[in-house]
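Student: Let the sequences and hints guide you as you build the complete structure.
Position one of the sequence shown corresponds to residue 1 (UniProt numbering), numbered consecutively onward.
Hints in this document: simulated from the structure, not taken from any laboratory.
Careful: at least some of the hints might be erroneous.
[Said to hold, decoys possible] Okay, the calculated beta carbon distance ranges per label pair:
1. Ser4 - Ser216: 16 to 24 angstroms
2. Asp314 - Val16: 58 to 66 angstroms
3. Ser216 - Val16: 35 to 43 angstroms
Don't be surprised by glycine CBs; every beta carbon is placed ideally from N, CA and C.
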Amino acid sequence: EHASGGDLRQRLRACVNERRRLSEGDVGMIFVQLCMALEYVHRSQILHRDIKAENVFFAATSLVKLGDFGFARHFSEPVLGNRRVAKSSLGTPTHMAPEVWRCGASRGGAESSEGGDGYGSKADVWSLGIVLYEMMALEVPFPGSNVREIGQRIRDGKFAPPPAAYSEDLRAICLRMLQPIPEHRPSAAELLQTPHVQRLIDAFERAVAHSDRVDSDTMALIRSNIADARAPCGDTSPCAPATHSDRSATEKSNAAAAAAAITHEGEVLKSSRGVWKQRYLRLANRALEVSASREQRNFNALSLNDVKRVAAGDGGVFTLYLRDGSLHRLQARNSEACAQWVQSIERAMGTA
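Tutor: Here is the structure:
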């Protein structure tokens with residue numbers, strides 16, 4: 001997806017050159033969108049493994065996009081809570097969590113499986129904490145002249161506190177994210193439930209509602225994401241980890257893994273403000289991706305977690321009813337194609 005607004009590294013570099021800080025409001029708006037994005041990524045059983053300012057992009061609408069999934073990995077098992085599902089030591093040295101360093105030295109992004117007990121989604125939370133710190137301090141908390149020095153500083157865990165120019169709430173969140181023991185860090189879902197981040201979600205919702213640069217389709221997706229963020233599901237508290245020995249939980253996990261593999265795609269018409277527009281629709285990894293054409297990489301994605309039900313109508317039209325009360329109407333080329341879409345979506349949702 002093209003991000004014409006540049007990346008966060010460019011904005012931070014401009015702040016350094018101009019000897020100014022990002023405002024608390026700007027830091028909060030960027031951070032809350034990244035929290036929402038990361039919670040969705042982890043809920044989709046994906047570890048990003050390279051969260052840094054260079055991989056935070058801005059759309060023309062100023063909305064934030066978490067990108068560059070070159071080091072990311074999709075797992076067939078849940079990655080939430082304190083589960084340790086990976087052992088490859090890779091990423092950007094200044095942003096790698098202590099437990100990732102313990103898995104082996106980074107060699108320019110090459111994977112290694114040396115030592116360590118592995119890591120999970122809390123490693124991404126650490127990396128996001130580094131980004132939050134850098135937005136406030138305009139430098140990383142663990143600098144070094146070489147990889148070995150950076151790794152040693154991260155393992156030692158000593159760094160200057162975030163600048164006092166920012167609120168105590170924001171600084172406290174950053175410090176929680178940079179706890180050296182992963183079990184002491186919040187998950188992305190738990191971050192979204194903290195009072196300060198809930199206030200940031202409210203502020204983000206107000207800002208988007210008053211923007212004249214966000215189209216109706218994007219607005220509907222944002223509202224769905226905000227609804228998810230206010231009540232994220234599927235995570236595990238570090239204080240009371242959920243057990244998965246019961247049969248129903250195992251069956252749900254297996255069903256989710258099978259659903260993620262279901263793929264269906266094709267041309268459809270999409271209703272937007274009463275006008276039917278030609279679109280290309282893909283069903284993959286429990287999400288519906290809508291783009292202008294098959295070749296175009298710029299797409300909007302709707303998680304099936306946000307879909308309450310799908311129903312077929314007359315003339316090849318099928319409707320997606322979202323949990324926030326909104327809906328999307330699409331039209332397949334004929335009734336048979338419509339039935340295939342409905343069946344594929346219901347199978348992916350686990351309701352067929």
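Student: Each hint: holds or not?
Tutor: Evaluation of the provided hints:
no. : hint                               : verdict
1   : Ser4 - Ser216: 16 to 24 angstroms  : holds (20 angstroms)
2   : Asp314 - Val16: 58 to 66 angstroms : holds (59 angstroms)
3   : Ser216 - Val16: 35 to 43 angstroms : holds (38 angstroms)
The structure fails none of the hints (numbered hints given earlier).
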